[in-house]
Every structure is written in structure tokens, then in C-alpha cells.
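Participant: With chain A's structure known, arrange chain B on it following the hints.
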Amino acid sequence: MGKPLLEVKNLCTYFKTRKGIVKAVDNVSFYVKKGETIAVIGESGCGKSSLAKSIMRLLPRNIHTYKGEIYLEDKDLMKLNEDGMNEVRWKKISMVSQAALNSLNPVIKVGQQVAEPLIIHNGIDKKIALERAKKTLSMVGIPETFADRYPFELSGGMKQRAIIAMALITDPDIIILDEPTSALDVLTQASIMNVLKTIKDKTAKTFMFITHDIAVSSELADKVAVMYAGQIVELASAEEFYKTPLHPYSIKLMASVPTLRADKKLEFIPGTPPSLIDPPKGCRFAERCPWRFERCRDEPPLFLTGNDSLVKCWLYESKGRK
Amino acid sequence: MEEKILLSVKNLCKWFELRKGLFGKAGYVKAVDGVSFDLKRGDAISLVGESGSGKTTLGKTILRLYKPTKGTIIFEGRDITNLKSKQLLEYRRETGLVQQDPYGAIPPFMTIRRVLEEPLAIHKIPKPERIKRIYNVLEEVRLTPVEDFIGKYPHMLSGGQQQRLVIARAMILYPKLIVADEPVSMLDASVRIEILTLLKELQKKHSLSVIYITHDLSTTRYFSEWIYIMYAGNLVERAPTKALLKNPLHPYSRALLNIIPDPDAENRFKIKDVPPGEPPSLVNPPEGCRFHPRCIHFKDGVCNKKVPEEIEVEKDHFVRCWLYD
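Keeping their order, the protein sequence lines are chains A and B. Letter 24 of the first sequence, counting from 1, is numbered 24 in the numbering used here, and no numbers are missing. Letter 245 of the second sequence, counting from 1, is numbered 245 in the numbering used here, and no numbers are missing.
Hints listed in this document are in silico derivations from the structure and should not be mistaken for laboratory results. Hints are not guaranteed to be accurate.
Distance condition first, Cα-Cα at most 30 Å in a straight line; then the derived DSS-like pairs of lysine-lysine [unchecked claim]:
1. K264/A / K246/B
2. K127/A / K67/A
3. K20/B / K265/A
4. K270/B / K252/A
Owing to the predicted nature of the structure, the values given are computational and were not obtained by experimental measurement.
The following block holds chain A by itself, in its conformation from the complex:
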């Protein structure tokens, strides 16, 4: 612990479209320490998947702007060329993508697919890689014999586990989980979360956990980043965030989470998020915010509050500034 393992500074990722430039990730900064899990929470279209892909540098062709700094330990990934990035990708940072259930090749045996990153990125002999694949599969709760099966012989939950095994096999420093459970049933989801928790406990891996589900995010997060319209609006420790969210958007989002145990009246946020093509000049949430006032016409910086949270809202101006 101590020094950040991954540090993102002022990252911007804009896409070119016919309608204009989409500012999917707009000036995002955060860091994660080794062994920590950061949960990135936000609605669809808030740029959380684009953030993940920007870190992995898996970008589509219509990229317009891609700037900022991404430090992995001391290395700035932005300065690496494509070959250099290939050395980082999967060896240092791996990813479980959103449509994971469809990302297995239907005509290749599961074991071989899980072993593939080792063969390609680490240049390990096929036989040894296959053995390692079996071990990794059993680590995520799949019997070793399943390595000889084809993806269609696996249930949804099993496939998801296999994909997680694939992200683990190269022993990377950071694993990005992009909505790893949102296509799964509740029970399957719970057992996948159990697997991730166990891995986190045993191997002290660093996760970046992207989700739109606040309740699920609390299953893994040490630290929470809330994204709205391409920007991080709140960065806080899990203890602070789930107890007292600070940004009006976080507060409203939390109020919309149905709970089984506590009685509360559910609220929803009227309106829709702004377009990322021409986002509002001031605070991007102002239009939907019940506490807006004149200051909100200017864009707020991230204010540091008493309990070390960062909040992008003028309401916290008096409590010190970073």
C-alpha cells in the first residue's frame, strides 16, 4: 500500500461522430492503490466503459482526442507506442468486458481459450499454459475437467467464470471488470461476487469495478467514483460513500436504490443526462439538481471535504478546496 498503482490524470477521450464531437471521458483523474478496488458507478452513457477502454487503449477508429496521463506504477502508458502497449495489455492490465457471455469463441475448447493470453502475451508453451488454465479455472470454481468442454456446454454463470479466469491467468496487476454480472441471474451474480471477493482476499489484486448498480458495487468497492456526463463528480471511500453520499447526483442516485430491509420512500431523478456532444457550460447536473443556485452556471472544481472525499459541487466550496 502507499503509492498508487494506477493513476489517471486529466484523461480526455472524445469521439468524432456525424453530429459532432462526443466528450465521453472529460478530464477524469483518480488513482488506485495496490490491492484496492475502485468502483466506478454511473448511468449508461456516462462514459464509464469509455474510461475503461481508454485505460486499456482499446479505442475505436473515430477517436478525436485522446490525451492525459495514465501512470501504471511509474510508467506513463500514454507515452508508449502500440508495441509497448501490447506488453502492458493483459500482462499488466486485463479486462472482463461487458458482453462477456458472447466473447467466448464457440468452436474452441474453454481451456484453450483461457490459456490463450498466456501463449500470446507471455509466450508460454501450450501444454504448460493449458495446465495453468485448468488451475485458474478451478480457482474461479470451475472443475478442471471443464477445460475440455465447448462454451455451449457451459451455463451463463460458468461462462462468466471462464472469462474471469481468462483475465486472471496472466497474473496482471489490475483487472478491469466492466459490468461483470449485469447479464446474470441474482443467485449466479452473488456467487460470481463471492469468487471475486475470494480472489481479492487471497491475491490482493487491484480491481476497477464498473457498474450501474450501487447495491452490487458495495460488494467489492473500497473506494467509489461516481461518474456523470463524462466526469467524475464524487470520489470517496466506501465507508463514507454508502453512508453519506455528498454530491446531489449521488444523493439522488442512492435514494433511488430499492432496499429490502430498511423502509424508505423511493425517489427518482427527473429529466435525462445532458448530451455529451454539447454539454452544459456550468455544472452538468445543475438542470436536474434540486439544490442548484447561481454558482452552478460555472463549472465547479473537485472540492476536498473534511472526510477526504472529493466532490464536484459548489455546495462544498466553503469546506476547503483542492
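Facilitator: Structure of chain B alone, referenced to chain A:
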């Protein structure tokens, strides 16, 4: 509220035929297997289960989008189990379906007006009345100002607005029963509550009966009077919402309830109890209680031999489990 039964389902089964090769022996996928319940006018039921538990098939069979294999469906005292074309059309008018994926449910080449006019035309509502109804229903689902929306195409709407349109289409014939099949699972968290609140409002206003199909127990307490838990084609527990959430009886219901997280930073240190294994194949479901291979209270010779009957443990609280025999 009127204590009147709108819909009564008895021993309903829907089996899908399987064929092996050209002359091979056919088997069945027993998607719904012996479901019975009554639904009162103005009540909402949450039908909760995992994917593959048969909850969508049950919903569609009740709407007679599928023909039941066995059992009866009584709607307002009429047996609608084997209705044919013309009478079925009448039944269709009394019922509505809200689909899961709004984008897939609306033809992309139709304007909102045409989407809503089509059911009216099929049911031969006179033309001057049609536009009046379209305006009314759009106002009810708050796609307002109506003039702005009526000429739009589905792709011009956001996900939440599309789902409002699907609800409007289900409502436009003034039905008495709505089956809402995972109406919010494709939507963002903050929009979900908005749509559920709207559905609840419409339900109260028109004293609609609603069957709310979902895999998410946490939304049910805000929406329905009853929770029915479905597992592998059977209803394993039926109870008033509060009773079930407070005191779930069936081991499967307990597992479901137990794993739902409330946002809390402590969650990350807890490993949850999840029943091992996966839901069984519906072609050859396990003998006896279908949950027995995953159940922690499994009793050999009982659970794997006989199918448990539905027992009323407390008033209105039914469960199918040998623990309560």
C-alpha cells in the same frame, strides 16, 4: 377495494415439445408445470424467479399468447383456456403486455401515433375516438406535450420514454389485466423507479390487476401486494409481500432474499451463502421437490421421492416444502 377475483388459474401447464431427428421420440420442456392461483381485481402480484424458471412462459400463457397444455384459465368467470380466434380477440382487449426490451417491442418504422393506433384499428374503435384515446393515454404516461411526441419515431425516444410508450400501448384498450414482463430490467437504475412509480399510479387509478414479472426482489416491496416465488416451473411460495419479505419459508426464497445486497460498505467483507449448482433442466426435472439437489434441508427419501403439496402455513402464506408438512 373490491374483493372480486379477476383471474383464476388452475393447474396450468405449458410444455414445449422437443423433437429428436425426424422420427425420434419427442420429449417436453415443462416450462410451466401445475401452477394455480387467484388474482383479485386491482391487486398486483410480483412473480419472482431466475431466468428459465418459467415466469415469462406463465405470463404469456395467461395472456393466451401460448396455448396451455393442461389446466384452466378463468377470467371474469369465463373459461378462456381454449378460446378461438374471435373470442380470443375479445380477451386480448381485456389484457395488455408490457415487454422487457422496449426497443425490440416497438416497430422502428412506425411513428408513435401509428404504434398506438394499430391496436385501436384491430379492435375496430371508430376513428374519431382513436385520436382522443391516443392523446389520453400519452398524457397518462406523461409523454407530454403530446403534440411533440405523436409524430416521433421510436429511435428518437430515450429508453425510459420508449418504455412509457410500451406501457401506453398496453393501456390503450383499457384492459383489466396487465402482464409486465421485466418492464425495467433494461433501464438505468434511476429510470427504473420512475417507470415503476408510473405503473403503480396507473394500477391504482384504473384498479388494474398487474402481474409483475421480475428477477429483482428488491423492487417488489414498492410495487405489489403479493409475491409469488417461482422455481423450475412451479410456484414454490405465495404470500403477501410483507409476510414473505419478513418471514420467507421456502429454502429457495430464503436464499434469494439473503443474497440481495443493500448498499453498505461492510458487504465487501462478507461471503454470501449461495445454494450450490444451477436450476435443473426442465426436460427431466428432479423427482420430488425440484429444489432438492440444491437444498440445505434435503431429507433423503422424502424430498427426492414425493412432490410437496402446497400448504397454507399462515393465513394466505402458501409454501411447497416438506419442512412444513
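Participant: With reference to the structure, classify each hint as holding or not holding.
Facilitator: Verification of the supplied hints:
The straight-line distance between the Cα atoms of K264/A and K246/B is roughly 16 Å, inside the 30 Å bound, and the hint therefore holds. For the proposed pair K127/A and K67/A, the alpha carbon gap of about 41 Å is over 30 Å, so the pair is violated. For the given pair, K20/B sits about 53 Å from K265/A by alpha-carbon distance, which is inconsistent with the 30 Å threshold. Restraint check: the Cα-Cα separation between K270/B and K252/A comes to about 27 Å, which is no more than 30 Å; the hinted pair holds.
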